[in-house]
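Full structure from sequences and hints, please.
2 protein chains.
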Amino acid sequence: MAKELKDLTKRSENYSQWYNELVVKADLAEPSSVRGCMVIKPYGYAIWEKMQHELDQMFKLTGVQNAYFPLLIPKSYLSKEASHVKGFAKECAVVTHYRLKSSPDGDSVIVDPEARLEEELIIRPTSETIIWNTYRNWISSYRDLPLLINQWANVFRWEMRTRLFLRTAEFLWQEGHTAHATSEEAQAKAIEMLNVYRDFAHNFMALPVVTGVKTANERFAGALETYTIEAMMQDGKALQSGTSHYLGQNFAKAFDVKFVNNENNLDYVWATSWGVSTRLMGALIMTHSDDNGLVLPPKLAPIQVVIVPVYKNDEQLKEVDAKVAPIVANLRSRGISVKYDNADNKRPGFKFADYELKGVPVRLVLGARDIANNTIEVMRRDTLEKDTVTLDGIEDYVARLLDDIQQGIYNKALKLRESMTFKVDTWEEFQEQIEKGGFILAHWDGTTETEERIKELTKATIRCIPMDAPDEEGVDMLTGKPSHRRVIFARNY
Amino acid sequence: MAKELKDLTKRSENYSQWYNELVVKADLAEPSSVRGCMVIKPYGYAIWEKMQHELDQMFKLTGVQNAYFPLLIPKSYLSKEASHVKGFAKECAVVTHYRLKSSPDGDSVIVDPEARLEEELIIRPTSETIIWNTYRNWISSYRDLPLLINQWANVFRWEMRTRLFLRTAEFLWQEGHTAHATSEEAQAKAIEMLNVYRDFAHNFMALPVVTGVKTANERFAGALETYTIEAMMQDGKALQSGTSHYLGQNFAKAFDVKFVNNENNLDYVWATSWGVSTRLMGALIMTHSDDNGLVLPPKLAPIQVVIVPVYKNDEQLKEVDAKVAPIVANLRSRGISVKYDNADNKRPGFKFADYELKGVPVRLVLGARDIANNTIEVMRRDTLEKDTVTLDGIEDYVARLLDDIQQGIYNKALKLRESMTFKVDTWEEFQEQIEKGGFILAHWDGTTETEERIKELTKATIRCIPMDAPDEEGVDMLTGKPSHRRVIFARNY
Numbered sequence: 001m002a003k004e005l006k007d008l009t010k011r012s013e014n015y016s017q018w019y020n021e022l023v024v025k026a027d028l029a030e031p032s033s034v035r036g037c038m039v040i041k042p043y044g045y046a047i048w049e050k051m052q053h054e055l056d057q058m059f060k061l062t063g064v065q066n067a068y069f070p071l072l073i074p075k076s077y078l079s080k081e082a083s084h085v086k087g088f089a090k091e092c093a094v095v096t097h098y099r100l101k102s103s104p105d106g107d108s109v110i111v112d113p114e115a116r117l118e119e120e121l122i123i124r125p126t127s128e129t130i131i132w133n134t135y136r137n138w139i140s141s142y143r144d145l146p147l148l149i150n151q152w153a154n155v156f157r158w159e160m161r162t163r164l165f166l167r168t169a170e171f172l173w174q175e176g177h178t179a180h181a182t183s184e185e186a187q188a189k190a191i192e193m194l195n196v197y198r199d200f201a202h203n204f205m206a207l208p209v210v211t212g213v214k215t216a217n218e219r220f221a222g223a224l225e226t227y228t229i230e231a232m233m234q235d236g237k238a239l240q241s242g243t244s245h246y247l248g249q250n251f252a253k254a255f256d257v258k259f260v261n262n263e264n265n266l267d268y269v270w271a272t273s274w275g276v277s278t279r280l281m282g283a284l285i286m287t288h289s290d291d292n293g294l295v296l297p298p299k300l301a302p303i304q305v306v307i308v309p310v311y312k313n314d315e316q317l318k319e320v321d322a323k324v325a326p327i328v329a330n331l332r333s334r335g336i337s338v339k340y341d342n343a344d345n346k347r348p349g350f351k352f353a354d355y356e357l358k359g360v361p362v363r364l365v366l367g368a369r370d371i372a373n374n375t376i377e378v379m380r381r382d383t384l385e386k387d388t389v390t391l392d393g394i395e396d397y398v399a400r401l402l403d404d405i406q407q408g409i410y411n412k413a414l415k416l417r418e419s420m421t422f423k424v425d426t427w428e429e430f431q432e433q434i435e436k437g438g439f440i441l442a443h444w445d446g447t448t449e450t451e452e453r454i455k456e457l458t459k460a461t462i463r464c465i466p467m468d469a470p471d472e473e474g475v476d477m478l479t480g481k482p483s484h485r486r487v488i489f490a491r492n493y
Numbered sequence: 494m495a496k497e498l499k500d501l502t503k504r505s506e507n508y509s510q511w512y513n514e515l516v517v518k519a520d521l522a523e524p525s526s527v528r529g530c531m532v533i534k535p536y537g538y539a540i541w542e543k544m545q546h547e548l549d550q551m552f553k554l555t556g557v558q559n560a561y562f563p564l565l566i567p568k569s570y571l572s573k574e575a576s577h578v579k580g581f582a583k584e585c586a587v588v589t590h591y592r593l594k595s596s597p598d599g600d601s602v603i604v605d606p607e608a609r610l611e612e613e614l615i616i617r618p619t620s621e622t623i624i625w626n627t628y629r630n631w632i633s634s635y636r637d638l639p640l641l642i643n644q645w646a647n648v649f650r651w652e653m654r655t656r657l658f659l660r661t662a663e664f665l666w667q668e669g670h671t672a673h674a675t676s677e678e679a680q681a682k683a684i685e686m687l688n689v690y691r692d693f694a695h696n697f698m699a700l701p702v703v704t705g706v707k708t709a710n711e712r713f714a715g716a717l718e719t720y721t722i723e724a725m726m727q728d729g730k731a732l733q734s735g736t737s738h739y740l741g742q743n744f745a746k747a748f749d750v751k752f753v754n755n756e757n758n759l760d761y762v763w764a765t766s767w768g769v770s771t772r773l774m775g776a777l778i779m780t781h782s783d784d785n786g787l788v789l790p791p792k793l794a795p796i797q798v799v800i801v802p803v804y805k806n807d808e809q810l811k812e813v814d815a816k817v818a819p820i821v822a823n824l825r826s827r828g829i830s831v832k833y834d835n836a837d838n839k840r841p842g843f844k845f846a847d848y849e850l851k852g853v854p855v856r857l858v859l860g861a862r863d864i865a866n867n868t869i870e871v872m873r874r875d876t877l878e879k880d881t882v883t884l885d886g887i888e889d890y891v892a893r894l895l896d897d898i899q900q901g902i903y904n905k906a907l908k909l910r911e912s913m914t915f916k917v918d919t920w921e922e923f924q925e926q927i928e929k930g931g932f933i934l935a936h937w938d939g940t941t942e943t944e945e946r947i948k949e950l951t952k953a954t955i956r957c958i959p960m961d962a963p964d965e966e967g968v969d970m971l972t973g974k975p976s977h978r979r980v981i982f983a984r985n986y
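Which chain is which? The protein sequence lines are A and B, in order. First residue of the first sequence: 1, per this note's numbering; consecutive thereafter. First residue of the second sequence: 494, per this note's numbering; consecutive thereafter.
Be careful, since some hints might not be right.
With a Cα cut of at most 35 Å, we get these calculated DSBU-like pairs of lysine-lysine [what the hints assert, rightly or not]: (1) Lys299/A to Lys746/B; (2) Lys792/B to Lys25/A; (3) Lys339/A to Lys86/A.
From the structure, some residues in chain A lie toward chain B, with a derived Cβ separation under 7 Å [claimed, not checked]: (4) Ser32; (5) Ser33; (6) Val39; (7) Ile40; (8) Tyr45; (9) Leu71; (10) Leu72; (11) Cys92; (12) Gly106; (13) Val109; (14) Val155; (15) Trp158; (16) Glu159; (17) Arg161; (18) Trp173.
Calculated from the structure, these hints are not laboratory results. Even for Gly, the Cβ is constructed at its ideal location relative to N, Cα and C.
Below is the structure:
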């Protein structure tokens, strides 16, 4: 068994440590020497690339185009939108100088005090301000609308406590920024993009998510409404996985972006923004993986199928090589990514453990005896079930198995979420349940005061008011005040 | 005629102004409010995305994997490699603080003086230092080599004089960083990647480039050898379009990256790095475009074919719509991107000028008379030639035409370069020719002194010593000292 695997902490022992170790051991990412910044390693980046590719296609189908805006934002822009500055100004990386020079002793470099910027520049924590400052020149009439633009970029927020993928100072993301002629259209767009995120999570990440609306307290700084997709991790904690914001006219007013509407009146433009980030990697890892390592959904796995030969001598290896070649070719012709690992400097057992750790969905093992029997050993990573099947039509079998695994891990995650979602009506019950984890559907009186008091007392936050929450009369657990629907409480990452 | 087009400066009047205007009028990019930084607009970004996609595939075929390293680099890293710091330290954006706070009057934000970093961070001008600092932990044995990694990223160099795409403070690029067990392997890799750039330029950008070696004076800061692809613009000036560096053991020594080689000895690792950037957009635009606007190679054009209907009434439009639908479907099934522009708020003449400005390679125009005659009008953007051809098999015709255009603009650019490449043997001739532009093949005595003197006197630099430069004895034009081969001199962007 590979050393890396043997050392992996079990989820039941320490879920948090299991995650931290797994990210590093599976070669996904590692901390860098720059505080709070990570290095995304090739295997981790390959998964992120697949996510990007699928999301990008989904965005484009909705009419969105990509563009690129500057990394640096003049400091004064941040304070143009009153609530935005409160949310972002505190955690910024600030560029104050534009030149270094040799130190007097010549051995190092120092900041050149003469190269001080007149106005400091901020590394974007998000790009609403610089983008709306640009949109002012792009929009003058309703004919210029809607403007549907997305950017793939790095952003920076000076986080004090960081964790690989889940919370890092620098992270990679996409941020969509759309401009519309009416409030209705902008609101509809915000929800449309939320649904794109939901569909991506379901269909590619095999991640069941709840869609909902954030409370005023949890809104994006500058938004009138924030929509969210919330996922449940295996420890019952929530992970906010993507948000979509209806911004009203806040940024248009802050940056003076007006247009002539079709009634020939001047009005401010209506806006949305929406984003998902490398945080999705954290959600993916935490949702499906187990004590043996990663479990990846086939649709996002860099290697979908690995084939390992078992042999005693060169002659047997040649025989296996010959048998495997057409299988590899056939699978690749179906767009399935296959690795045939016949490297002879590692034993099969080591390879098995390593590919388990890396979450390769399907493993095929072929030896001399299999060839004699016209069979092959198949293992599916999600359940670790092994099966010996006929070589005839093995490619169809594998293709179906990949679909099965994709669906299977979604169903498993959904089942977990359902089994850990509870309706709670009393404060006693709530306090007890929140310690055990899970989503709690409870009544809430709608005030920020109560929300914050519950957070103080239990560390639970309102994750969202679900989009499909049925009307139901009830009373707040804590205050006894009336409530018209249940919201989701949980502890969260 | 579209206003934008009418206003475009002619190349013969002012080539430089023509370029600046074209980039903005064709909606490729625009200056941002942040000094030296550009906004890449959707149409420009769509071209860059296609470049990225093709390059990325070509890199992966050579075994390269993508990864991601931090945006910020500790200041001290820059001075670890002696020549590197000289090349990059002067033009850096320096992060000194990590927090803003409200100003005393509450109306704006100011830098929090208490949030000063112990060590300043630099926005990466290039990533050798942070990457080699990371490689130290990834490499211990020859079995870990070669390490072949690429990063798509933004970088920042505080340029004083900027031009859209050609020289901007922030730009997008890829940077490959490979590590090898032997000098020979690293050198071969540097040349392999240079050839990838050459092939990409030729086959996708339709850009004939000369491959060569830079003189010591023009090397990348920290390299033992810099290879380059040099293109000629229509004004006869050179544009360095991509570079590949053999770094020897310089960065391994600076960051203490050692490995156990296959003879069980400890040695420093050998390195390459190589990059192309959004500067390629500048090369693309300047090489092929004309006084009517952009000319794009079909393989990188976001829209390859535009179809414009000509009609007098709704009935005619419906007839054209019906005729066009199967053509669009057929072309798309071949992977050709087609736009059918039947918007009725713009006249055909406006559309024609606009798509010419945007460089759409093929324009089809269909009207009632064409349908009666079973014909269609075809215009190719590169030559502006119009032809009326039969509708039968129009899709084959268009597919062939796209190939013709791709090859045609390459041939045209190559012919221009050949007609503007001169062998020059005397200093008088050189001074005269350099004023007229073009590549000058001349003898050079191999010294930095002579190279710099020629630059001072004529603004011409040695672009490269061509890879295929034949041995030829001669004497330096200026000093009369012996030379063994001709090098390429030119003025450059």
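Hints, one by one, checked against the model:
Between Lys299/A and Lys746/B the CA atoms are separated by roughly 42 Å; this puts the pair beyond 35 Å, and the hint is violated. Straight-line distance between C-alpha atoms of Lys792/B and Lys25/A comes to about 41 Å, which puts the hinted pair past the 35 Å bound. Of the pairs offered as hints, the one joining Lys339/A and Lys86/A is violated, with about 50 Å between alpha carbons and a cut-off of 35 Å exceeded. Below 7 Å, beta-carbon pairs count as interface contacts, and Ser32/A has one with chain B at about 5 Å; its hint therefore holds.
Hint on Ser33/A holds. Least Cβ distance to chain B is approximately 6 Å, under the 7 Å limit. Given the 7 Å rule on beta carbons, the hint for Val39/A holds: about 5 Å separates it from the nearest Cβ of chain B. Against a cut-off of 7 Å between C-beta atoms, the interface hint on Ile40/A holds, since the closest Cβ of chain B lies about 4 Å away. Hint on Tyr45/A holds. Least Cβ distance to chain B is approximately 5 Å, under the 7 Å limit.
For the restraint placing Leu71/A at the interface with chain B, the shortest Cβ-Cβ distance is roughly 5 Å, inside the 7 Å limit, so the hint holds. Taken as an interface hint, Leu72/A checks out: its beta carbon lies about 5 Å from the nearest beta carbon of chain B, inside 7 Å. This hint holds: Cys92/A has a C-beta 5 Å from the nearest C-beta of chain B, less than the 7 Å allowed. Annotation: interface hint on Gly106/A violated; nearest CB of chain B at approximately 10 Å, more than 7 Å.
The beta carbon of Val109/A comes within 5 Å of a beta carbon in chain B, closer than 7 Å, and the hint placing it at the interface holds. Evaluation of the Val155/A hint against chain B yields a violated restraint, the C-beta minimum of about 9 Å exceeding 7 Å. Against a cut-off of 7 Å between C-beta atoms, the interface hint on Trp158/A holds, since the closest Cβ of chain B lies about 4 Å away. For Glu159/A, the interface hint is violated, since its Cβ never comes within 7 Å of a Cβ in chain B; the closest pair sits about 10 Å apart.
Taken as an interface hint, Arg161/A does not check out: its beta carbon lies about 14 Å from the nearest beta carbon of chain B, beyond 7 Å. Residue-level restraint check for Trp173/A is violated (minimum Cβ-Cβ distance to chain B is 12 Å; threshold 7 Å).
When the structure is compared with the earlier hints, violations turn up for hints 1, 2, 3, 12, 14, 16, 17, 18 and for no others.
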